Amino acid sequence: MLKFLLSRLLTFVPTFIGVTLISFAFIRVLPGDPIIVMAGERGMTDERYAELTAQYGFDKPMTVQFWDYLTGVLQGDLGQSFVTKRPVWDEFFSLFPATLELSVCAMIFAVGLGLPAGVIAAVNRGKLFDRTLMSAALVGYSMPIFWWALLLIIVFSGQLQWTPVSGRIDLIYYFSDATGFMLIDSIRSGQDGALWSAIRHLILPTIVLGTIPLAVIARQTRSAMLEVLGEDYIRTARAKGLSPLRINSVHALRNALIPVVTVIGLSVGTLLAGAILTETIFSWPGIGKWMVDSIFRRDYPVVQGGLLLIAVMVMIVNLTVDVLYGIINPKIRKR
Amino acid sequence: MTDVTQTTAPDRPSALREFWYYFRENRGAVFGLWIFGLFLLVAAFAPILAPYDATEQFRDYTLLPPAWQEGGSWAFPLGTDPLGRDMLSRLIEGARFSFFVGVVVVTIATTGGIIIGLIAGFAPRWLDTIIMRIMDIVLAFPSLLLALVLVAILGPSLTNAMIAIAIVLQPHYVRLTRASVMSERQKDYVTSAKVAGARLPRLMFKTVLPNCLAPIIVQAALSFSTAILDAAALGFLGMGAQPPTPEWGTMLAEAREFILRAWWVVTWPGVAILITVLAINLMGDGLRDALDPKLKRS
Chain A
1 MLKFLLSRLL TFVPTFIGVT LISFAFIRVL PGDPIIVMAG ERGMTDERYA
51 ELTAQYGFDK PMTVQFWDYL TGVLQGDLGQ SFVTKRPVWD EFFSLFPATL
101 ELSVCAMIFA VGLGLPAGVI AAVNRGKLFD RTLMSAALVG YSMPIFWWAL
151 LLIIVFSGQL QWTPVSGRID LIYYFSDATG FMLIDSIRSG QDGALWSAIR
201 HLILPTIVLG TIPLAVIARQ TRSAMLEVLG EDYIRTARAK GLSPLRINSV
251 HALRNALIPV VTVIGLSVGT LLAGAILTET IFSWPGIGKW MVDSIFRRDY
301 PVVQGGLLLI AVMVMIVNLT VDVLYGIINP KIRKR
Chain B
1 MTDVTQTTAP DRPSALREFW YYFRENRGAV FGLWIFGLFL LVAAFAPILA
51 PYDATEQFRD YTLLPPAWQE GGSWAFPLGT DPLGRDMLSR LIEGARFSFF
101 VGVVVVTIAT TGGIIIGLIA GFAPRWLDTI IMRIMDIVLA FPSLLLALVL
151 VAILGPSLTN AMIAIAIVLQ PHYVRLTRAS VMSERQKDYV TSAKVAGARL
201 PRLMFKTVLP NCLAPIIVQA ALSFSTAILD AAALGFLGMG AQPPTPEWGT
251 MLAEAREFIL RAWWVVTWPG VAILITVLAI NLMGDGLRDA LDPKLKRS
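Protein sequences appear in the order of chains A and B. Our numbering numbers the first residue of the first sequence as 1 and each following residue consecutively. Our numbering numbers the first residue of the second sequence as 1 and each following residue consecutively.
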């Protein structure tokens, strides 16, 4: 077990260095001089230019620059935003709860609907319900989510006026964000209707972000269940006279869950990519919108730092899933 | 023994016919194939099919609703956009861009992916490790984010969007090819080819590659739809094709501010993307059923 854990950790190190190298290279392969970009329209004197070049270390050899960058990253120094002048690290962590809140809600939505749907479809294989559900899942899987978001806005915000179009909470509510999670903060604030407002703002983004994972989970659960339902031990359970409900939920689902859990864990990258689109459309102040805005504002240190943090996050989640999978399923460890 | 093979050989259906036999069993896949065929025809004959030029502006008819709605006109069956351009013509012209994106991205990603995958599969262990680590690094970034950043470096345009998407999709082909090569390399026919004196390039491309193609073809079909979706997403974010190009994602971005006033400018481009992607995914499912020998026999 320890050997397995160590080997996985060892592959993490070169990947981490590689990811750092890519984000390091980003600012240096861009067309144009980053210092000039930082000066903007105003321009700058030659002395100031030389001073800034020295301050950012652009006058040193590449290898030294990379070493400085790598050691800086390991100490949590990702540089400063050109626009807000705040450290990238601080900006990331003040916006991250918004993305986490949205992603967790989207995942709850996707698992809560997708898991039962997949199980029911598998048990009723080939029947009308199964076929309808799998067609719907394929549509969901093929959905351009940015368009789906616009459609939902037209119907639920435009026609029915049920949900707001953007933001996390109505402007009449104001309280300090103690945890950064709007649902928790609105309860803590004790203001009337704050929680309800936060929930209404969450509904459409949750549905939009959760749609593709929902479709993937439903399809995956169905196929995993179908495989398990053909096993001998299920026949044994049937022969013992157990109720179909018990067979499906206890004997079959528990074994079918392993691949499904992996899919859920590995969809973090997809979820973050989806968050870029969802947050941009709903003006959700999270990491995705922050990255897109920074790319448009040419705020390179933010793009560079955000890219690195997101990649490292995806890597850590994948590693965790990998290790957990090895613990649940000992066969994997042997590879 | 030789007699047996001689008498049974003519009875074996051709690979293509066998493929079609299994593909046809999946009705959804056949339906997807029809829709995809239609999409190809529209893309090929766009200039003939489109009633107007995609960028022609009819200033007196801005934001005209579809023909069946009040105020609509059959001169513009699906309505007009805020600049008075015919929606139908723009959608038809847009099919060409999506098709182009799909073909270019899949070609670049498969060619590069297959070659790198073959090299990794045949290379000594250290080179294989280096290649696969690099692929892991690319896969650590969410695909759309990496594509966005690459476009930011290269400059926003449809060509650069296609290059970025191809780079992001490539690692999947490398992994797939390498995995197939690894399992094929152990087999007797490869050893016998080696013994017969086949050189490395022949071993790679003529002996092993044809036997690894099935999963790659399936992946190619599926990434055709991913490419269309991602290109539309980049266009939607303003990082893909630039206006006035009638690319479906770019059209959606232009229409965004009118969503509460004119539903049709937002609805049609999305419907076009969804139908195309859905058809390709249906087809991809059928391809997998037909090409995957394990599923076939069960």
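Simulated from the structure, these hints should not be mistaken for lab results. All figures in this text were calculated on a predicted structure; none of them were measured in a lab. Hints are supplied without guarantee of correctness; some may be wrong.
[Unchecked claim] Calculated from the model, a selection of chain A residues having no Cβ within reach of chain B, i.e. all distances over 12 Å:
(1) M44
(2) M62
(3) L70
(4) G76
(5) D90
(6) W147
(7) L150
(8) D170
(9) I187
(10) R235
(11) A237
(12) F296
(13) Y325
(14) I327
[Said to hold, decoys possible] Part of the chain A face toward chain B, derived, beta carbon under 10 Å:
(15) T132
(16) G269
(17) L271
(18) G288
We treat Cβ as the ideally placed atom computed from N, Cα and C, and that holds for glycine.
These are the hints, each one checked on the structure:
Residue-level check passed: A:M44 sits 23 Å from the nearest beta carbon of chain B, beyond 12 Å. Every beta carbon of chain B lies more than 12 Å from that of A:M62, the smallest distance being close to 17 Å; the non-interface claim holds. The beta carbon of A:L70 sits about 15 Å from the closest Cβ of chain B, which is more than 12 Å, so the claim that it is off the interface holds. For A:G76, the shortest C-beta to C-beta distance to chain B comes to about 19 Å, beyond the 12 Å cut-off, and the non-interface label holds.
The Cβ of A:D90 sits about 21 Å from the closest Cβ of chain B, beyond the 12 Å cut-off, so the non-interface label holds. Against the 12 Å criterion, A:W147 falls within the reach of chain B, whose nearest CB is about 3 Å from its own CB. Distance to chain B contradicts A:L150 as a non-interface residue, since its nearest Cβ pair spans about 5 Å, not more than 12 Å. Every beta carbon of chain B lies more than 12 Å from that of A:D170, the smallest distance being close to 19 Å; the non-interface claim holds.
Non-interface call for A:I187 relative to chain B: holds, since the shortest CB-CB distance, roughly 31 Å, exceeds 12 Å. No Cβ of chain B approaches the Cβ of A:R235 within 12 Å, the least distance being about 17 Å, so the stated non-interface status holds. Non-interface call for A:A237 relative to chain B: holds, since the shortest CB-CB distance, roughly 22 Å, exceeds 12 Å. With a least CB separation of 8 Å from chain B, A:F296 falls inside the 12 Å interface cut-off, contrary to its annotation.
Consistency note on A:Y325: stated as away from chain B, and its beta-carbon is indeed over 12 Å from all of that chain's, at 17 Å minimum. Here A:I327 stays apart from chain B, with its beta-carbon at least about 22 Å from theirs, past the 12 Å limit. Because the smallest distance between the Cβ of A:T132 and any Cβ of chain B comes to about 13 Å, over 10 Å, the interface hint for this residue is violated. Annotation: A:G269 was flagged as interfacial toward chain B, and the flag holds, the nearest CB pair being 5 Å apart, inside 10 Å.
Below 10 Å, beta-carbon pairs count as interface contacts, and A:L271 has one with chain B at about 8 Å; its hint therefore holds. A distance limit of 10 Å between C-beta atoms decides the matter here; for A:G288 the minimum to chain B is near 8 Å, and the interface restraint holds.
Checked against the numbered hints listed earlier, the structure breaks hints 6, 7, 12, 15; every other hint is satisfied.
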